[in-house]
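Visitor: So you can see what is in the structure, the chains are spelled out below.
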Amino acid sequence: MEFVGLEEDRLHFSWISSAEAVKFADVAKQVAEKVKVLGPNKKFVKRYPTKDTE
Amino acid sequence: MRAANPYKPYPVRIDEIITETDDKLLKTFKFVFLNPEDEEKFAYKSGQFAELSIPGQGEIPIGIASSPTEKGFVKFTVFKAGKVTSYLHSMKVGDVMGLRGPLGNWYPWEILEGKNIFIVGGGFAYTTLRSSIKMMIDPANRSKFGTIDVVYGARTPGHLLYLDELNEWGDRDDVNMHITVDGTDDPNWRFHKGFVPQIADKVAPPASDDTYAIVCGPPMMIKFTQPVLDKLGYKHDHIIMSLENRMKCGIGMCGRCNIGKELVCKDGPVFTLEQINKTPREY
Amino acid sequence: MKMISIKKSDWAGAMEKVQKSYRLAGPVKEKKGHTFRELKDGETPDLEYSETRMSVKEVVLPQSEVMFSYSLDENKEGHHILEEVPFDETPRAAVGIRPYDAKAVEILKKNFMTEDYKDPYFERRYENLTLVGMAENNPSPVNFSTSCGTGPFDESCLDIILADAGDSYIGKALTEKGEKFAAAAGFAEGDSGVEAKLAELKEQAEGKIKSKVSFDKIEKMTILDLYEAPFWEEAAFACINCGTCTYACPTCWCFDIQDEVKGKDGVRMRNWDTCMSEVYSVHTTGHDPRHEAWQRTRNRFMHKLKYYLDKYEDGIMCVGCGRCVSQCPVNIDIRKVCQQMNDYEPSK
Amino acid sequence: MSEYEPKIVSFLCNWCSYGAADLAGVSRFQYPDNFRVIRIPCTGRMSPKFFLSALREGADAVWVSG
Amino acid sequence: MDAYTDKIKEISKKILSEGKVDVVIGFRKGTLGYMSEPYMAKSEKEAENLVFDCNCRMNLVNYVTNRKDKVGIVVKGCDSRNLVTHIIENKIKREQLYIIGVPCTGLADKKALLDLAEGEITSVEDDNETITIKGDGFEKKVAKSDVLQSNCKTCIKRNPVIFDELAGPEVAELEISDRFADVDEVEKMSADERWNFFGELLSECTRCYACRNACPLCYCPTCFVDESRPQWVGKSDNETDVLTYHFLRAFHDAGRCTDCGACEAACPMDIKMRYFTRKTIKDCVEKYGSEAGMELDKRPALDQYKINDPNEFIK
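Protein chains in written order, with the working numbering: chain V, 1 to 54; chain W, 1001 to 1283; chain B, 2001 to 2348; chain C, 3001 to 3066; chain G, 4001 to 4315.
These aren't lab readings, by the way, just hints derived from the structure by calculation.
Positions of the beta carbon are idealized from the N, C-alpha and C atoms, including for glycine.
Do not take every clue at face value.
Claimed, not checked - Pair ranges (Cβ atoms, derived):
hint, chain 1, residue 1, chain 2, residue 2, range
1, G, THR4065, V, ALA19, 38 to 48 Å
2, V, VAL22, B, GLU2030, 38 to 48 Å
3, C, GLU3005, G, ASP4146, 53 to 63 Å
4, B, GLU2083, G, PHE4197, 55 to 65 Å
5, B, GLY2286, W, MET1091, 23 to 33 Å
6, G, THR4065, B, PRO2230, 50 to 60 Å
7, W, PRO1218, B, LYS2264, 51 to 61 Å
8, B, GLY2286, G, THR4065, 47 to 57 Å
9, W, GLU1113, G, ARG4229, 43 to 53 Å
10, G, SER4123, B, GLU2089, 30 to 40 Å
11, C, ILE3038, W, ARG1172, 50 to 60 Å
12, B, GLU2030, W, ASP1237, 51 to 61 Å
13, G, GLU4295, W, MET1091, 49 to 59 Å
14, W, PRO1218, V, ALA19, 54 to 64 Å
What the hints assert, rightly or not - Mimicking DSS-like on lysine-lysine, the simulated pairs with C-alpha atoms at most 25 Å apart in a straight line are:
hint, chain 1, residue 1, chain 2, residue 2
15, B, LYS2210, V, LYS46
16, B, LYS2029, G, LYS4070
17, B, LYS2217, B, LYS2197
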């Protein structure tokens, strides 16, 4: 995804066990912070047509 | 002034939903037009179909099950199968959607008037046949036709459509109803048991220039009914069939429903066997 | 009929002038050759091209077009009721199309404007459109338009025909629409020599076309004879069932209707479809009358070369532009298939 | 204009992160409220189709957690 | 190349007459000088039509998927690797196949040939070193290396990896110094530059799906673009939908693609969609040390888990 030009921080992966509530809250904070820095996503958001396309 | 947009559906409201079969896969929807004047524009004949149009889902061509003699509503019986029909099955009374039509040709009533009619139907392809019977037995029309014989079959009693009406018609003496099921363990079953072609063989009215057969059902049923009718001496131009193919536009433009040069949506769905014999078997 | 002559150096100016009252579509040079598309303001149709990959079809039948819009929000007035989308009524002109592509528009018209129904989307585009043709002096080797009832200088379906005569374009305004466009563009009046020069160029160009098809015998065979002919599986073996030929074809008109929804707002659109696709004719039950790949290919050729011929009794549904021949990834050649069909002798 | 609050679609494994999220909630841990959680039966069910769909419909980011 | 053609004919006739196979899938001469058409020979007589040259751009493995009969098939190095993948993925059985391997010196780029031509091309001859383009009133000779398809320039396996018989002596493999130069180039760009680069790259895509249908890996019974419940991708020419299609196709082919180039050769708009698949190849090579379809007993890279697989992207 990065390769096609989506910012790296728009996609996150993590491993959290069901016992790791603290880690979950931590990672959630980090993810939210990073995405906030990026600003709203404009790439890959589909623009739906509204009138005859041209 | 441009003619009305043939892609634009009339807005309708679902007025009643009846679950027809035990497996709940078939429901009959009764629609009422939001604008009463649209009902007049939607003047149809038995055998035609319409596109049920659900905004956000798409459209699906379905045979009209109500009869032109029934006023104030139109009815469709829909099998739950694909994207649109599944969504339709989840809709409720009062919901608004669209209805586009009437589309296609109809059973050739111009020719059929004054003739004996033999109707052979199976499974849930029975809807336009229901429309036809209802239309023919209307007091205003019954005298226009000769004998009316009907063979209608389904897999089990639970798969028969319009049970109440079937019983009602069975009690009339101006229609010969022959209802059959492929099999049942119901000891009280009072009608035939056996496949449609076998029953048709037993009860068919004799072939003549004045007798027409209307056949509508699953491909297998049609395949085995045809030799029976052949044996009985029905001519191919006296056997009328209704086909279905994948459709989108319903008005002969989008291309896909062709069988040879005929477009099932516009040149059909009703064809005589004679016509069908001249086209590739692409249905 | 008015003769036209315009210096090549004046072309861009004339187009700029005409854009004040027309929306233009035309050939544009891009990285990988010429394409045919709607022009932006100030863009000039480039007539110095040999072929465009896509055809004028895009102008009368866009690849995707919104038909209706609607709201699924039950709190809004008129929810779940489809409304037509507004259409820009500005006159349009397709400038620099090949004469045989104009014939394709007439073929499309047969499908979209029938006695029973008029497709309003096609109709309004068609009526709004002026077809300004650019004759082809050097037809490509795969061009066989002359045997399809048209040709590189065919005037029959155009409003204006232009031709390259060295340092100027010469031509004729053929219809009222054409004269209007010529006036709006300020084309200079051509002298009496134009007619003769056009005839001369026409003869030269048509002489260069070596490739041809014949369908005289196809006409006489029955649909079933051809349908059941033994060569289809072999002829279609290579076909990978992509949609290249159908999209490039200026006469292929099949389309699909789809709903798209975002949140509570939706549109119903129509998109080009292709008979090569597996989902084109498959029933909901899963039954597909044209299940095998080669059956779909057969349907395409039968439609173009036989069904259409029988239905409208006006030649084949092909204008001989050769796009499908040169773009097919596996080299299935309509000329060869047509020949095979025409040569076929049903054994009876 | 108010401060930008991203919409983050999170695909959480039923057995791991979804449990963790549940536990975090029960334990009253604070974490940002930008997440729209979709529970999947296993991260193995995750498909590229899912996160592309999320982005197409306007999500600002996607978080997959097993 | 004539030698290959003769040998292929000879082998095909032999295996057809001995009943080793029911059909032979190869190429025949096309109607255009620069094209060859995939062809199925069912008899010795039909085998006479078989040819092999630098215009055989399609990957014939595409035509054997799910076949039930015994098939002879002509494969180049890259195609043979797809055949391996097919066998691993149970799309065809090794026992059904009689593989006629072609040690390949590369294919000629269709666009390059057309650019060189001065009119109609009537024939393209290839002696493995030089290509001779003949046409209406012209004849041109060019070094084969100058008109190679781009995937052939970075080919890592010109000789088939599996075969029953070869159509000629093995050729030397290429030495490539900078195999992923094109991908590296893109990786150097910023996110926005990349985004624009790919937007531009796909701007002319008409979604004809020639790339998908030319690809032997794309054998899903129903492609995700055709699914309606749920509908993953819109069907219009919307740019997001076009991008989605190309990205997901690349994901599906990741770890399986052998860079045979059929997709690009098939594209009527000359779109270089191999950027996507080549990125997946590069990642599989660099991260998992795996090339698709090199050995019959090795599953594709993304089809297996190793304890030492890199996972630094997971927190």
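Visitor: Does the beta carbon distance between VAL22(V) and GLU2030(B) stay inside 38 to 48 Å, or does it fall outside?
Guide: violated (56 Å)
Visitor: A range of 30 to 40 Å was offered for this pair. Does it hold for the Cβ distance of SER4123(G) and GLU2089(B)?
Guide: About 53 Å separates the Cβ atoms of SER4123(G) and GLU2089(B), which means 30 to 40 Å is violated.
Visitor: Can the restraint linking LYS2210(B) and LYS46(V) be considered satisfied, given a maximum Cα separation of 25 Å?
Guide: Not satisfied, since the Cα-Cα distance of roughly 48 Å exceeds 25 Å.
Visitor: 23 to 33 Å was suggested as the range; check whether the CB atoms of GLY2286(B) and MET1091(W) agree with it.
Guide: For MET1091(W) against GLY2286(B), whose Cβ atoms are near 24 Å apart, the range 23 to 33 Å holds.
Visitor: Do the Cβ positions of GLY2286(B) and THR4065(G) conform to the proposed distance bound of 47 to 57 Å?
Guide: violated (20 Å)
Visitor: Do the Cβ positions of GLU4295(G) and MET1091(W) conform to the proposed distance bound of 49 to 59 Å?
Guide: holds (55 Å)
Visitor: In this structure, is the beta-carbon distance linking GLU3005(C) and ASP4146(G) contained in 53 to 63 Å?
Guide: holds (56 Å)
Visitor: Could one say that the CB atoms of PRO1218(W) and LYS2264(B) fall in the range 51 to 61 Å?
Guide: violated (39 Å)
Visitor: Taking the beta carbons of ILE3038(C) and ARG1172(W), is their distance inside 50 to 60 Å?
Guide: Check passed, 58 Å falls within 50 to 60 Å.
Visitor: Indicate whether the distance between the beta carbons of GLU1113(W) and ARG4229(G) respects the range 43 to 53 Å.
Guide: holds (45 Å)
Visitor: Assuming the hint says 38 to 48 Å, is it satisfied by the Cβ distance from THR4065(G) to ALA19(V) or not?
Guide: Since THR4065(G) and ALA19(V) have Cβ atoms about 46 Å apart, the given range 38 to 48 Å holds.
Visitor: Could you say whether the range 50 to 60 Å given as a hint is met by the Cβ separation of THR4065(G) and PRO2230(B)?
Guide: With a Cβ separation near 25 Å, THR4065(G) and PRO2230(B) fall outside 50 to 60 Å, so the hint is violated.
Hint compliance for this structure: hints 2, 4, 6, 7, 8, 10, 15, 16, 17 are not met, and every other hint is.
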